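Respectively, the protein sequence lines represent chains A and B. Each number in the working numbering corresponds to the 1-based position in the first sequence with 113 added. Each number in the working numbering corresponds to the 1-based position in the second sequence with 19 added.
Calculated directly from the structure, the hints in this document are not laboratory data. Being a predicted model, the structure only gives us computed values, none of them experimental. Backbone N, C-alpha and C define an ideal beta-carbon position, used for all residues, glycine too. Certain hints may be false.
Unchecked claim - Computed, partial: chain B to chain A, Cβ under 8 Å:
1. LEU37
2. ARG39
3. ILE44
4. TRP87
Claimed, not checked - SDA-like, lysine to any residue: derived pairs with alpha carbons at most 20 Å apart:
5. A/LYS514 with A/MET499
6. B/LYS34 with A/ARG635
7. B/LYS85 with A/LEU138
8. B/LYS85 with A/TRP160
9. B/LYS34 with A/GLY631
10. B/LYS85 with A/LEU659
11. A/LYS555 with A/ARG591
12. A/LYS514 with A/ALA206
13. A/LYS476 with B/PHE58
14. A/LYS476 with B/ASN63
15. B/LYS85 with A/ARG591
16. A/LYS476 with B/LYS34
17. A/LYS476 with B/LYS85
18. A/LYS555 with A/LEU659
19. B/LYS85 with B/ARG39
Unchecked claim - Cβ-Cβ distance ranges computed for the label pairs, FRET-style:
20. A/GLY223 with B/GLY33: 54 to 60 Å
21. A/LEU648 with B/GLY33: 53 to 59 Å
22. B/VAL66 with A/GLN122: 24 to 30 Å
23. B/ALA54 with A/ARG513: 48 to 54 Å
24. B/VAL66 with A/LEU345: 57 to 63 Å
25. B/LEU74 with A/LYS555: 35 to 41 Å
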Amino acid sequence: MSAIQVMEQSFTLSRWLLGLSPILLVSVLMIRGRWAGSKAGALAWLWAMVVAVTVFGGNAITVASGSAKGLWETVFILAIIWGAMSIYGLVDAMQGFPVITDTFNRVTGGDRLLQVLVIGMVFPAWMQGVLGFGTPVAVTAPLLLGLGFDPVISVVIPALGHSWTITFGSLGSSYWVLQRFTGLAEGPLALWSAILFVPMTVMVFFFGTFYYSRRIYGCGWREVRRGWFAWLSLGLVQAVALLVFATTVSPSIAGFLAGFVGLVWGALLRRMPFYKPAEADSGHVPAPPPSRGEKSALTFHQAFLPYYVVIAVVFVVYLSPFASQLLGTPNLRAALEAERFRLGPYWPEIRTALGFVNPSETKYSPLKVFTMPGTLIFASLALSVMIYRLLGILRADVGRKVSARLSKAAVPASLTLMTLSMMAGVMMEHGITTLLAVATAKATGMIYPFFANYIGQLGAFITGSNTASNLLFGAFQRDAALVLGVSPYLIAGLQTVGGAIGNIHCPLNVVLATSTVGIPGREGEVISQTLVAGLIMGAVIGLVGLLLALFAPVAVGG
Amino acid sequence: MANFSIKRGVGMTGKDALKRRVGIICIGLMWTGFAMMYFGGVRNGSVGWSVAGLLAAGMAALLILKFW
């Protein structure tokens, strides 16, 4: 019997309510109670274990297995956080941010909205095209902070901005997982997923502008009205580019190419006739940070060097398979990802008393030690330090400043990730997430297309990953569609769009960014904004999905 | 290393430093729990090791709830 069938048979209303309770608990504590993520996560993990043992047939070994799996997953994410914090610390210690700020201010004519849209949203989306796993947010948030933006908005903006390239980003990992696990044809799946990304992309830029405006001016609509051409055109141009590239070039690099189109469009925006530049007011606009004491002697390129190196290292490694095919150069990535460089613990089969089976794995969630994002970021850090030293501009106290920053911010971020990840591990190990998805499909019937994207959001909220969400629920969504007589392409598309939206408000990603801008413990403030955006976007996407299912079933392969 | 030490980082208050110390202990407890849960519990199917690992990680969770 499949995992889905097991949980379908185990469904009761009390199980559904109790299964949902750890997620509700962590959300309420962080958003309403303003608890730090570590504290909310600790309580939610303890509660999830109680629920797993009492209601979902768990025992000491199954909860230990789920918790241990959760802890193992944090190694990958912690490497990104520490790396991104170190890069930020290096630029800060080199006194690079005042230089970067001055240059960005000059290039954007001091227009803060353009900085938000291009640097805060398009740049991480482009970066997401190649390297995901929350890294673009962790890299961009400190950049915005360095430009003088408030730390909360510095996290909210890139969290929104990078989301629309997630499915077709990271070289298409989320898309390919969905395609593999649903067994659906590549072409139509890419087409319908990309179509559903059109409204989402536009909404992402709307919400970015709205939240920025509300935070700075106290009125969200002010900048939405003034900058309508900027956010609307950026959203539309990139969404159409994503659709074209995903269907005509390759889903693997569609996000990267669409992000590049966005960068070009963003650079031209100021000269476009429809764009109304910012007035030279205003007391509300955040001032760039004052340089601390001594004036930096760096040029912009020297100050920005660590970020250039990150981009170069990532591109050299992740795009080497394409370069290999086109130019015959060595496939560096394949060499670095050989089986012997993948580290993962053997995991035996774990079965709950309800009959939910987690199959054994020779290497559980293996770490590709040489190409995982954390390694690439640390390699970039080392390279940047070497280049600074070669240029003779490395400051003597850089090491001390970077390690001081790390030691201060790393502990709370690590605790939050570990507790939340253990909670997620326990829930998945006992089929709780599967039961929640099954229950949604059973309860909603023919209006299921409206809710399908929320299941994708749920998966990403728990796991922090669009790929993992697709892996968890891809096959289930296809089955639900077939049972209900709805196009599986449409429902699978809704699943992956939901997974992308879920990345905006999932605690694991938010922690990753809050820790890099020095506000660990304030995750609730960020999530209270991104969750609202996610739920609204989900409703609009759901409505689009429902209308397509009802009125255009043939067009979507039904 | 001027005024920076493992006990108190640069710019930290006494409360911050205490939280950080407790946090480091919690991280240690959790990974100790991981070792017990994985090697003893999951790999060998031992209920005793699983419970011991959960107790170690659970203690860390309680410390977080108390001090954070």
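| task | Mind checking the alpha carbons of A/LYS476 and B/LYS34 for me, to see if they're no more than 20 Å apart? | result | 42 Å, violated
| task | Sort out whether A/LEU659 lies within 20 Å of B/LYS85, counting only the CA atoms. | result | 47 Å, violated
| 20 Å limit on alpha-carbon distance, applied to hinted pair B/LYS85 and A/TRP160 | 16 Å, holds
| said: Check whether the Cα positions of A/LYS476 and B/ASN63 lie no farther apart than 20 Å. | reply: 17 Å, holds
| Going straight from one Cα to the other, do A/LYS476 and B/LYS85 come out at no more than 20 Å? | At roughly 36 Å apart (the allowed maximum being 20 Å), B/LYS85 and A/LYS476 break the hint.
| request: Given the hint that B/LYS85 pairs with B/ARG39, test it: the Cα-Cα distance must not exceed 20 Å. | output: Since the Cα atoms of B/LYS85 and B/ARG39 sit roughly 13 Å apart, the hinted pair holds (cutoff 20 Å).
| message | For a C-alpha distance cap of 20 Å, please report whether A/LYS514 and A/ALA206 respect it. | response | Distance of about 6 Å is within 20 Å: holds.
| Does B/ARG39 pass the interface check with chain A, least Cβ-Cβ distance below 8 Å? | Holds. Min distance 5 Å.
| message | Tell me if the interface restraint on B/TRP87 is satisfied: Cβ within less than 8 Å of some Cβ in chain A. | response | Hint on B/TRP87: holds, closest Cβ of chain A at ~5 Å, below 8 Å.
| query | How does the Cβ-Cβ distance of B/VAL66 and A/LEU345 compare with 57 to 63 Å: does it lie in that range? | reply | Holds: the Cβ-Cβ distance is about 60 Å, inside 57 to 63 Å.
| message | If I claimed the Cβ atoms of B/VAL66 and A/GLN122 lie 24 to 30 Å apart, would that claim hold in this structure? | response | About 27 Å separates the Cβ atoms of B/VAL66 and A/GLN122, which means 24 to 30 Å holds.
| task | Mind checking the hinted window 48 to 54 Å against the Cβ distance between B/ALA54 and A/ARG513? | result | 32 Å Cβ-Cβ, so the 48 to 54 Å window is violated.
Comparing the model with each numbered hint stated earlier shows that hints 1, 3, 10, 15, 16, 17, 20, 21, 23 do not hold.
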